[in-house]
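With chain P's structure known, arrange chain F on it following the hints.
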Amino acid sequence: MNQENRIPLTPTWDHEDTSRIPYWAYTNQDVYQQELEKFFYTKHWCYVGLEAEIPEPGDFKRTAIGERSVIMVRDEDRSIYVVENRCAHRGMQFCREKHGKTKSFTCPYHQWNYDLEGNLQGVPFRRGVKQDGQVKGGMPKDFKPADHGLNKLRVAERNGVVFASFDHDVESLEDFLGPTILQYFDRMFNGRKLTILGYNKQRIPGNWKLMQENIKDPYHAGLLHTWFVTFGLWRADNRSELKMDKHFRHAAMVSTRGDGGKNDQTTNFSSFKESMQLHDPSFLDIEDEAWWGGPTAVMMTLFPSVVFQQNVNSVTTRHIQPNGIDSFDFVWTHFGYEDDTPEMTQRRLRQANLFGPAGFVSADDGEVIEFSQQGIEQNAAKKAVAELGGRNVEEADHMVSEACIRGMYDYWRKTMGV
Amino acid sequence: MKADNYLTLTQFYQNYAAIVDRGDWDAWIDLFTEDCQYKVQTRENYDRNLPMAVISLSSKGMLKDRVYGVTETIYHDPYHQLHMVSSPLIIDESDTLIVAQANYTVFRTKSNGIAEVYNVGRYQDRIRITDQGLKIESRHCIFDNDMVLNSMIYPI
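Just so you know, the sequences run in chain order P and F.
When the letters of the first sequence are read in order and numbered with the numbering used here, they come out as residues 1 to 418.
When the letters of the second sequence are read in order and numbered with the numbering used here, they come out as residues 419 to 574.
Okay, chain P solo, but in the shape it has when bound (with noise of 0.2 angstroms):
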């Protein structure tokens, strides 16, 4: 066998840089084990939901941060705490509703019970039984509850966005994010309370890295989305940018429709294929927004856990929750703004319907990465080419470009030790 169609044993990047990845990234379990260590449970903050989810004190939702399940609860002075789902006594998941309302957290098995904050504070029997005048069983003496709750997680939030973190050292959610990519995400979520539309769910069998990709990646855009072109909603020669943050981790692309607003593109529909008109126009019945500040599209990757988009006027959280090496759940919750009109509430459903498992231009999505994935794990020696627009790690004003990719290789690299 000669070298090029060697699969390592250990797996080494032997590509000097990251315009070539090897499909072991997409194979090996064990790789794929140290991800989940190393980005989801050690040192970044994961996305756990929104705020509005959980208005009022004691409203929970069951969530996961990479394969782990955890509780994101409010507590009743109002703060949010995130635990994990797992009792503290025996492991078991003890909660199963998906989302609810409690005053504790009782797990069913041996009726441990927790506060909100995942403090243990009941043990049936702790103190044994009485028995003939004699008290048998029980807990020894110096069992401390205080040393049984919950995994508590570190908890961060901003203007409505709820992050968590096993790891209590992590760096502020402000640095983890950087200055470049929170400016983007201060434009999303500027401190109006959102209004949660609902949830969709999908199972995606690929490794979680490639919607991560698929996010980072202008190139298929007009490609692979025909829809998009085809209505006019996407044009290779749109003003648009690609920004990372100074570890290349996370990203945005930002693009700018013709105009910016109701040009002749939407009012019209007309686009390359001048003949093809929508029978209802209604779902590009768009409307310009004060905040989105010039740009009508922003899709924003954070690294590892979530995605948020703001394509015209729909607005979503993509939530990425690994299921083993090759296959993940993407999560959406759909959201407006507390000061939206019921208009603008009708136009983000309608619009929901470009993106979501059945979405114009994301169910294509779901379906290529399950494809990537068939290939990929055909012949593991081989090597992916991210070569669009160069070599190196740059931003970009444009969207011919596969740079983020390489920037998110660049940096998974150093993280892994690869």
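Hint data in this document are derived by calculation from the structure and do not stem from the laboratory.
These figures come from a predicted structure and were not determined experimentally.
Derived pair list, reagent style DSSO-like, types lysine-lysine, alpha-carbon separation capped at 27 angstroms:
(1) F/K482 <-> P/K201
(2) F/K457 <-> P/K98
(3) P/K144 <-> P/K130
This is chain F only, laid out in the frame that chain P set:
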């Protein structure tokens, strides 16, 4: 409801299933009224009174646009659907409108030939009695499975 009318309604439900199973999208559109609603939504959103749906169409024009997307623009793996639709349960009826529901199971078979349970739920329907026969004023597909197996291309 008279037995004859129930038979017509049952036939209508089975005809709908046969039409989507054979991918006859023009015939699918013809089953609806002009001002129709068609929605595919998770049970979670429905039960929590959240409006978000996987597909939400509110006119016959939007149905046509969806069909254009399905047939011309969305890239996807080829697959067949097979619907098993229960007998309809009549909720309410008048001379012009039937409110009914029925359970459904959709199997998906891709080109590897293995059929899988793809979507399980119920139709909640308002069916108008017209001179041209029964037409769907609104069909609300509420599905139990928490997630879509990758993507949803064809109507349910």
